[in-house]
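Participant: Chains as they are written, first to last, in the numbering used here: chain A, 1 to 114; chain B, 1 to 525.
There's no promise every hint is true.
[Claimed, not checked] So the derived label-pair ranges between C-beta atoms look like this:
hint	chain 1	residue 1	chain 2	residue 2	range
1	B	F375	A	A43	32 to 38 Å
2	B	L191	A	G39	32 to 38 Å
3	B	R240	A	A59	56 to 62 Å
4	A	A73	B	G100	33 to 39 Å
No lab work stands behind these hints: they were computed from the structure.
Cβ atoms here follow ideal geometry from the backbone N, Cα and C, with glycine treated the same way.
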Amino acid sequence: MARIGSSFPTVASLRVRLPPGTERRRLGGLLLRSLAGIGGGYALAALATVVLSLSLPLARSEAVLVATMASFAVHAAAIIWAFAARSALRAVAGLLMAAALLTLIHLVMQGQLP
Amino acid sequence: MKDGFRQSMAWLHRWAGLLVGWVLFAVFLTGTAAYLRPEISYWMRPELALSRPGPADAEVAVQAMQAMAPNSPSWFINLPDERDTTLRVFWREPGPRGRGFREAVLDPATGHPVEARETLGGEFFYRFHFQLHYVGVLWGRWIVSICAMFMLVAIVSGIITHRRIFADFFTFRPGKGQRSWLDGHNICAVLALPYHLMITYTGLVLFMLMVMPWGVDRAYPGGRAAFNAEAFGSAPPRARAGSAASLTPVLPLVQEAQRRWGGGRVGRVVVANPGDANATIQLVRADSERISYNPQSLTFDGPTGALLQDSGEGLPAAEVRGWMYGLHIGRFAGPLLRALFILSGLAGTAMVATGCVLWATKTRQQAARQGRVGFGTRLVEHLNVAAIAGLPLAMAAFFWANRLLPTGMPQRADWEVHVFFAAWVLCLLHPLFRRGRQAWVEQFAAGALAFALLPLLNALVTRRHLLTTLSEGDHVRAAFDLGLLGCALLLGALAWKVARHRPTPASIRVPAAIPRPGRSAEPAR
């Protein structure tokens with residue numbers, strides 16, 4: 001049995017005290033964060049690459065190179081964010097907001113918005 | 001929760017590191033070996049005599065290619081230098097798609113394929129470290145790139161997890177079980193941190209257009225040729241004229257290039273459409289002379305030798321990429337800097353290894369308190385042995401195969417590689433039949449023995465052993481034999497260390513003595 005009385009509870013002792021369903025919720029949160037960070041982060045990095053490639057005020061090839069080289073930093077930052085955010089839903093919301101901002105910049109730069 | 005951020009980063013660090021740790025270990029170790037690619041290749045072809053690169057090498061190579069591949073659409077000729085004294089040539093197969101490559105290693109004295117045993121040499125470690133083996137080239141590159149991305153995340157989250165990055169330089173508490181592993185992990189990681197960040201990020205950049213093609217595809221809907229021309233100044237290849245014309249002698253072009261580059265050396269010759277009136281000869285400056293890998297090159301008209309293009313410094317971003325590329329492969333580095341690169345690579349290898357071991361030690365301690373050790377813990381411990389202790393043994397087996405397989409055997413080079421993987425698979429099975437640390441000790445000891453006996457085996461089956469190489473001034477082969485003994489010492493020391501290690505009462509009590517309250521509170525959220 002777990003040593004509930006010890007000053008620092010072990011993982012096992014916590015598991016015993018958790019209400020049923022909490023463990024599943026925790027795993028669900030981790031899954032969502034992983035998907036958001038890895039998949040969503042890649043999509044965000046790809047979007048950032050496209051937007052920067054098309055809108056950086058540089059020669060076209062230079063813009064592509066800068067954007068693509070920077071994309072891994074974007075992806076890494078997205079993964080860090082996905083796991084740092086206070087809740088899994090906030091993590092997803094943050095990535096969506098970043099994507100929306102990039103899309104807005106893209107539309108403005110393309111002259112499709114005032 | 002004040003420490004919540006750091007806790008979640010610690011979690012991320014542990015799992016990002018563990019999931020790909022074994023691949024990263026192999027990539028780091030074989031990548032470190034790849035810094036010595038020419039030296040390994042030279043040692044693995046004991047038939048080659050000590051030779052010096054000469055001015056006629058390019059001409060010899062072009063003559064040889066004309067005999068071997070007159071109809072190929074393009075030849076790539078790597079000229080010999082001090083480190084690699086062979087002519088390494090590649091050419092495209094003639095055909096509608098022109099995608100297949102063939103290659104050969106030529107003797108610069110004769111232009112014939114080298115009279116040496118068939119082997120991949122150091123090329124094997126070099127290629128394995130970015131595209132693995134037995135899986136398609138693209139699959140391998142994708143897998144390694146994804147692992148590199150995990151590595152980047154592990155590094156960043158590891159830095160965040162650290163409160164005391166500076167103090168960790170000076171902290172090593174040996175003989176304290178898990179504490180010592182953690183200290184060792186931190187020292188390897190922090191001492192060479194700039195190197196780890198550099199090598200991981202630049203590694204990603206090497207294959208960035210494969211992993212992240214979306215920018216270039218959107219900006220250049222017409223295809224990559226236009227991008228390559230704008231970014232790297234590589235002129236699109238001229239179309240074949242269809243009428244035959246012979247190539248001009250190459251030697252004067254090489255001399256012209258050396259004059260223009262202030263004595264700089266030509267490293268590579270690329271001939272497009274040889275034998276055609278629209279042939280071009282491109283001379284590329286040796287990559288040992290500049291950090292940036294962006295080729296400085298001169299392109300000449302094939303039949304007349306007239307200069308068509310002189311591409312030098314690229315635009316800033318292209319140069320940054322060239323620098324990243326050059327930093328990663330480290331070919332610019334002289335002996336001292338190369339030694340530092342190798343030490344840093346070994347530090348990275350040790351960082352990954354200690355990280356994997358640390359994970360296993362921690363979970364086992366947690367499991368011990370619960371009274372049972374789960375399958376996951378045992379799996380990680382098992383794979384740790386096979387990856388960390390097994391890979392050096394497999395590398396030794398590769399060298400043994402090089403010396404022992406009969407020279408005339410068909411597909412000899414492939415069989416050397418098969419032996420490497422067979423030895424590794426044995427290392428994967430071996431821990432099944434051993435208890436506790438025995439598997440570690442035996443594999444490290446076997447690796448030490450295999451490396452220690454290699455110079456001896458070398459003396460028995462070749463003429464290029466320490467006694468002759470030292471007296472003939474063949475420093476590369478002599479140093480290589482001594483280096484093998486160095487590897488043996490290192491592995492032997494590890495075996496001895498693990499065998500002598502007795503879990504002290506301190507190492508068992510450590511987790512209770514240095515509590516991490518936040519970590520155990522984590523699952524409650």
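Participant: Mind checking the hinted window 32 to 38 Å against the Cβ distance between B:F375 and A:A43?
Facilitator: Given about 34 Å between the Cβ atoms, the range holds.
Participant: Is 33 to 39 Å respected by the C-beta to C-beta distance linking A:A73 and B:G100?
Facilitator: For A:A73 and B:G100 the Cβ distance comes to about 37 Å; the hint holds.
Participant: 32 to 38 Å was suggested as the range; check whether the CB atoms of B:L191 and A:G39 agree with it.
Facilitator: holds (35 Å)
Participant: Is 56 to 62 Å a correct range for the gap between the Cβ atoms of B:R240 and A:A59?
Facilitator: violated (31 Å)
This entry does not satisfy hint 3, going by the numbered hints stated previously; all others are met.
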